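**Student:** From first to last, the protein sequence lines are chains A and B.
According to this note's numbering, the first sequence is numbered sequentially starting from 1.
According to this note's numbering, the second sequence is numbered sequentially starting from 1.
Be careful, since some hints might not be right.
[Unchecked claim] Quick list of in silico lysine to any residue cross-link-like pairs, SDA-like style, CA-CA up to 20 Å:
#1 B:K69 with A:D281
#2 A:K176 with B:Y31
#3 B:K75 with A:D315
#4 A:K343 with B:L13
#5 A:K343 with B:I112
#6 A:K217 with B:Y31
#7 A:K343 with B:Y31
#8 B:K65 with A:D315
[Said to hold, decoys possible] A few chain B positions that, by computed beta-carbon distances, are all more than 10 Å from chain A:
#9 A16
#10 G24
#11 P42
#12 E61
#13 Q66
#14 K69
#15 P72
Calculated directly from the structure, the hints in this document are not laboratory data.
A quick note: this is a predicted structure, and the numbers were derived from the prediction, not measured.
C-beta: ideal position from N, C-alpha, C; glycine also.
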Amino acid sequence: MCTRWWILSKGGVSGGGLSIFRYNRFIINLLECDMQMSGARMIIEAIIAEGVTKVFGYPGGAIMNVYDEIYKQDNFEHILTRHEQAAVHAADGYARASGEVGVAMVTSGPGFTNAVTGLATAYTDSVPLVVISGQVPLSLIGTDGFQEIDAVGISRACTKHNYLVHDLADLPRILKEAFYIARSGRPGPVLVDVPKDITGEIGEFVYPDSVDLPTYKPNYKGNNRQIKKAAEAIKAAKKPLLYLGGGVVLSNAHEAVRRLAELAQIPAVETLMARGVMGADNPLLVGMLGMHGSYAANMAMSETDLVIALGARFDDRVTGKLSEFAKYADVIHVDIDPANIAKLVDVDYPIVGDVKIVVEKMIEHLDGAVDPDRYQVWRDILDRYDELHPLMYHDSDEVIKPQWVIERLGELVGSDAIITSDVGQHQMWAAQFFPFDRPRQWINSGGLGTMGYGFPSAIGAKVAHPEKTVINITGDGSILMNVQELVTAAENGIPVINVILNNHFLGMVRQWQTFFYDKRYAETDLSYQPNWKMLAEACGGAGYDVTTKAEFDAALQNAIEGGKVTFINVAVDRFENVLPMVPAGGALYNMMLEHKES
Amino acid sequence: MEPVRRVISVVVLNEAQVLSRVSGLFAGRGYNIESLTVAPIPETDLSHMTIVTRGNERVIEQITKQLHKLIPTLKVIEHAEMVEKEMVLIKFPIEEKLSDIQALCQAYNGGIVNVGEHMVIAMAADEPVRIKHFVQAAKRYNPLEVVRGGVVAMER
Numbered sequence: 001m002c003t004r005w006w007i008l009s010k011g012g013v014s015g016g017g018l019s020i021f022r023y024n025r026f027i028i029n030l031l032e033c034d035m036q037m038s039g040a041r042m043i044i045e046a047i048i049a050e051g052v053t054k055v056f057g058y059p060g061g062a063i064m065n066v067y068d069e070i071y072k073q074d075n076f077e078h079i080l081t082r083h084e085q086a087a088v089h090a091a092d093g094y095a096r097a098s099g100e101v102g103v104a105m106v107t108s109g110p111g112f113t114n115a116v117t118g119l120a121t122a123y124t125d126s127v128p129l130v131v132i133s134g135q136v137p138l139s140l141i142g143t144d145g146f147q148e149i150d151a152v153g154i155s156r157a158c159t160k161h162n163y164l165v166h167d168l169a170d171l172p173r174i175l176k177e178a179f180y181i182a183r184s185g186r187p188g189p190v191l192v193d194v195p196k197d198i199t200g201e202i203g204e205f206v207y208p209d210s211v212d213l214p215t216y217k218p219n220y221k222g223n224n225r226q227i228k229k230a231a232e233a234i235k236a237a238k239k240p241l242l243y244l245g246g247g248v249v250l251s252n253a254h255e256a257v258r259r260l261a262e263l264a265q266i267p268a269v270e271t272l273m274a275r276g277v278m279g280a281d282n283p284l285l286v287g288m289l290g291m292h293g294s295y296a297a298n299m300a301m302s303e304t305d306l307v308i309a310l311g312a313r314f315d316d317r318v319t320g321k322l323s324e325f326a327k328y329a330d331v332i333h334v335d336i337d338p339a340n341i342a343k344l345v346d347v348d349y350p351i352v353g354d355v356k357i358v359v360e361k362m363i364e365h366l367d368g369a370v371d372p373d374r375y376q377v378w379r380d381i382l383d384r385y386d387e388l389h390p391l392m393y394h395d396s397d398e399v400i401k402p403q404w405v406i407e408r409l410g411e412l413v414g415s416d417a418i419i420t421s422d423v424g425q426h427q428m429w430a431a432q433f434f435p436f437d438r439p440r441q442w443i444n445s446g447g448l449g450t451m452g453y454g455f456p457s458a459i460g461a462k463v464a465h466p467e468k469t470v471i472n473i474t475g476d477g478s479i480l481m482n483v484q485e486l487v488t489a490a491e492n493g494i495p496v497i498n499v500i501l502n503n504h505f506l507g508m509v510r511q512w513q514t515f516f517y518d519k520r521y522a523e524t525d526l527s528y529q530p531n532w533k534m535l536a537e538a539c540g541g542a543g544y545d546v547t548t549k550a551e552f553d554a555a556l557q558n559a560i561e562g563g564k565v566t567f568i569n570v571a572v573d574r575f576e577n578v579l580p581m582v583p584a585g586g587a588l589y590n591m592m593l594e595h596k597e598s
Numbered sequence: 001m002e003p004v005r006r007v008i009s010v011v012v013l014n015e016a017q018v019l020s021r022v023s024g025l026f027a028g029r030g031y032n033i034e035s036l037t038v039a040p041i042p043e044t045d046l047s048h049m050t051i052v053t054r055g056n057e058r059v060i061e062q063i064t065k066q067l068h069k070l071i072p073t074l075k076v077i078e079h080a081e082m083v084e085k086e087m088v089l090i091k092f093p094i095e096e097k098l099s100d101i102q103a104l105c106q107a108y109n110g111g112i113v114n115v116g117e118h119m120v121i122a123m124a125a126d127e128p129v130r131i132k133h134f135v136q137a138a139k140r141y142n143p144l145e146v147v148r149g150g151v152v153a154m155e156r
């Protein structure tokens with residue numbers, strides 16, 4: 001260890017905080033002093049250099065050296081979750097809410113395998129994460145050592161990239177690359193697996209200013225000729241339709257997309273991942289499309305003559321039967337991942353690029369070149385479809401309808417809140433009935449469909465935006481899959497509100513059993529339940545049992561004012577179904593609109 | 001869409017895990033591998049993989065795109081005009097007619113490469129289709145073992 005470093009470092013300690021630390025490092029660079037430190041300390045230095053302020057994780061044997069260095073520093077906060085899966089989901093929620101790279105840390109073996117679901121969730125939804133896992137010492141790798149598992153082997157299929165560090169000298173470069181790969185191009189999770197002896201070894205640390213990856217060069221710009229051709233196709237179309245996916249959110253392109261829609265008055269449909277892009281009150285928003293999309297949105301997709309797909313990937317839950325999907329349309333597809341283009345449908349105007357950059361160029365070609373009245377008839381048709389079969393439910397005075405809860409939440413917290421969800425009926429009702437105003441307001445596991453995602457991701461979102469109300473809309477099935485995080489939230493004073501739409505069922509599976517399995521409710525009846533209020537209280541939170549609308553309003557107000565992690569357990573209609581519904585594999589225009597129940 | 005045979009070359013960084021990234025991609029996405037060869041490219045930190053696969057046009061397009069998406073992949077070449085060669089080793093009992101075997105191997109750019117007390121090993125290097133014929137023809141000499149090397153290809 002260089003002595004001069006210590007002298008200067010101590011001189012700066014009185015001021016504390018990040019700026020003093022950076023100042024020290026500036027001086028150190030000036031003096032060209034060698035930065036000798038352990039691998040563990042290098043990881044801390046890299047995290048600081050990347051501007052990360054929150055890390056979620058769970059310690060264990062193989063990662064202890066790193067945790068020892070976490071103990072010694074106060075540049076970033078570490079939040080101890082109560083399960084590694086929750087740590088990765090929390091980092092994921094943090095990343096989605098903030099747009100920054102989320103960071104999680106776990107130990108080897110079971111610590112890592114618990115993190116796999118988190119990695120897969122982030123991978124499927126293209127969320128930028130860096131996950132650092134401990135590994136057994138290099139000398140023990142391959143010997144079936146205690147808590148040894150092939151982390152890079154297991155995570156290969158659910159990370160954008162992964163590293164096993166073989167040599168301390170590579171560690172600074174690998175960490176730099178990990179953050180770069182996670183956030184660039186189509187974002188995704190990157191795993192860095194670090195053997196314990198490497199975290200203990202001392203070496204020189206110089207954090208690279210830039211990455212040198214000749215094999216990885218994402219294309220952001222989009223081919224200008226293709227963009228021009230696409231603009232011509234839009235001008236020539238009679239029934240164009242914007243099909244907006246999660247990529248619009250990831251590329252922070254919502255303003256450009258709204259402008260494009262508005263200047264040419266092109267109607268838009270959103271996928272589950274794009275809720276909030278257009279804004280709930282935008283007259284050009286037709287609605288969400290797909291399996292539980294609105295009638296008008298699905299009909300729009302079935303009748304359009306030009307699909308303008310922006311950052312969307314033609315998921316089977318969106319397209320239904322592929323041969324019937326947008327049958328009469330040419331397709332413009334803008335995506336930063338070339339492998340997404342023409343994967344499932346033929347594309348007439350493929351454009352590889354960042355949605356925001358490409359859309360801004362499209363606007364240059366279209367501004368003033370399209371008569372805003374050109375598509376009026378098309379918009380009238382879609383309005384008519386919406387009048388014919390609007391999204392609706394039959395409210396009741398006897399029992400709370402789950403859709404009412406979502407609508408009421410929208411009225412009470414509206415655009416101020418961040419909404420996360422778990423997976424199932426409640427997720428679809430939230431997507432259908434909550435008035436999302438802006439991107440990054442809606443956080444859910446759309447691609448992988450991970451039950452147990454909602455609560456920890458809400459914790460991450462709240463940590464990113466402490467000033468905002470964060471509500472996890474969940475079900476009595478999903479919430480139990482990461483219920484231990486009550487303790488994390490209570491300990492750290494993270495007042496996330498969980499609204500449990502409690503139908504005493506694994507509701508979505510029950511719905512399929514009702515429709516397609518002749519009401520044989522195999523293992524979906526969740527009548528045996530914990531006392532939710534007591535469960536929340538036992539962990540240091542607050543709980544409310546709600547059976548009337550008035551009780552719901554009161555509970556929500558108490559939860560917001562109470563400032564504690566909260567369960568609001570709402571007893572809802574047990575047999576309510578999510579409608580409309582396109583049965584799996586069916587054509588998008590064949591929707592079940594109303595379930596005729598005896 | 002009819003499945004077609006396609007030869008794809010992939011130039012990758014010669015680093016740990018890279019072969020499993022490629023083979024794992026094929027396994028995970030259900031693509032077919034007929035043969036896969038890999039060796040370092042001299043005087044570089046790169047490796048050249050030659051993969052023979054089968055699939056319809058959409059699948060082949062996905063294969064090349066997914067291969068390209070791997071971080072250590074530098075280049076993916078979907079061969080159209082190429083030279084293809086494959087090598088094979090065959091072991092025969094020493095009792096077989098060595099002159100016949102020698103003549104057969106010569107017809108396929110090969111010859112007898114090793115002779116032991118009980119066996120003789122012959123090799124051939126030729127186009128994959130011809131190698132298939134060679135292995136077929138060699139059957140009459142009661143081969144004990146056949147090891148095919150997989151296809152290597154170079155764009156013309």
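**Student:** So which hints don't hold here, by number, going up?
**Tutor:** 1, 2, 3, 4, 5, 6, 9, 10, 12, 13, 14 and 15
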